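**Q** Sequence:
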Amino acid sequence: MAFITRCWKKQKVSKDRIAALEAMLGHGQDNKLLRLTLGQHYFDADQYDTALLHLKQALAQDPDYSAAWKLYGKVLAAASRPADAIAAYRQGIDVAEARGDKQAAKEMHVFLSRLQKNH
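Using numbering that gives the first Met the number 0, the first residue of the sequence shown is number 0, and each one after it goes up by one.
Hints should not be assumed to be uniformly reliable.
Cβ pair distances, simulated, as ranges [unchecked claim]:
hint, residue 1, residue 2, range
1, Ala19, His108, 27 to 37 Å
2, Gln28, Asn117, 32 to 42 Å
3, Lys14, Lys55, 20 to 30 Å
4, Ala18, Lys55, 16 to 26 Å
5, His26, Ala59, 35 to 45 Å
6, Ala82, Thr49, 15 to 25 Å
7, Gly27, Ala82, 30 to 40 Å
8, Asp93, Ala18, 27 to 37 Å
9, Asp93, His26, 27 to 37 Å
10, Ala82, Asp43, 18 to 28 Å
11, His118, His26, 39 to 49 Å
Within a straight-line C-alpha distance of at most 35 Å, the following computed DSBU-like cross-link-like pairs (lysine-lysine) qualify [what the hints assert, rightly or not]:
hint, residue 1, residue 2
12, Lys14, Lys105
13, Lys116, Lys31
14, Lys14, Lys101
Don't read these hints as lab results, they were simulated from the structure. In this text the structure is predicted, and so the values were computed from the model without any measurement. No residue lacks a Cβ here, since even glycine has one placed at the ideal position from N, Cα and C.
Let the hints inform the model, and build the full structure from the sequences given.
**A** Written as structure tokens, this is what we have:
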């Protein structure tokens, strides 16, 4: 019962948070961090297509945004698009390495390896 209650509370918080973030977007506060955050919340809510739209916007605003590449690959993998996820991770790794973002590059290497093993 406690697990169900936690899941319901998380779902409610996520819906409330998404609504607040979408309102910010609606008021013209569009930026890469807002789009990344919306992508994460929609991903957490299993709304992969909407998450991908926001992550594409984050990457359009800053193609060198390592965190967005990492989440973009993760959402593509969850959406059963392994080939696209592999391509996203590869591009994200290139971006992260060029920027000296070693931790993001390392994490994406791990995700890429796991994805390639399973597909």
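**Q** Look at each hint and say if it fits the structure.
**A** Do the hints match the structure? See the list:
1. Ala19 / His108: 27 to 37 Å: With Cβ atoms ~34 Å apart, the hint holds.
2. Gln28 / Asn117: 32 to 42 Å: For Gln28 and Asn117 the Cβ distance comes to about 38 Å; the hint holds.
3. Lys14 / Lys55: 20 to 30 Å: 22 Å Cβ-Cβ, so the 20 to 30 Å window holds.
4. Ala18 / Lys55: 16 to 26 Å: Cβ of Ala18 to Cβ of Lys55: about 21 Å, so the range 16 to 26 Å holds.
5. His26 / Ala59: 35 to 45 Å: For His26 and Ala59 the Cβ distance comes to about 20 Å; the hint is violated.
6. Ala82 / Thr49: 15 to 25 Å: Once the Cβ atoms are compared, 21 Å apart, the range 15 to 25 Å for Thr49 and Ala82 holds.
7. Gly27 / Ala82: 30 to 40 Å: Given about 36 Å between the Cβ atoms, the range holds.
8. Asp93 / Ala18: 27 to 37 Å: holds, 36 Å
9. Asp93 / His26: 27 to 37 Å: Distance hint for Asp93, His26 holds at roughly 35 Å.
10. Ala82 / Asp43: 18 to 28 Å: With Cβ atoms ~24 Å apart, the hint holds.
11. His118 / His26: 39 to 49 Å: holds, 41 Å
12. Lys14 / Lys105: holds, 32 Å
13. Lys116 / Lys31: OK: Lys116 and Lys31 at ~31 Å, within 35 Å.
14. Lys14 / Lys101: At roughly 33 Å apart (the allowed maximum being 35 Å), Lys101 and Lys14 satisfy the hint.
This entry does not satisfy hint 5, going by the numbered hints stated previously; all others are met.
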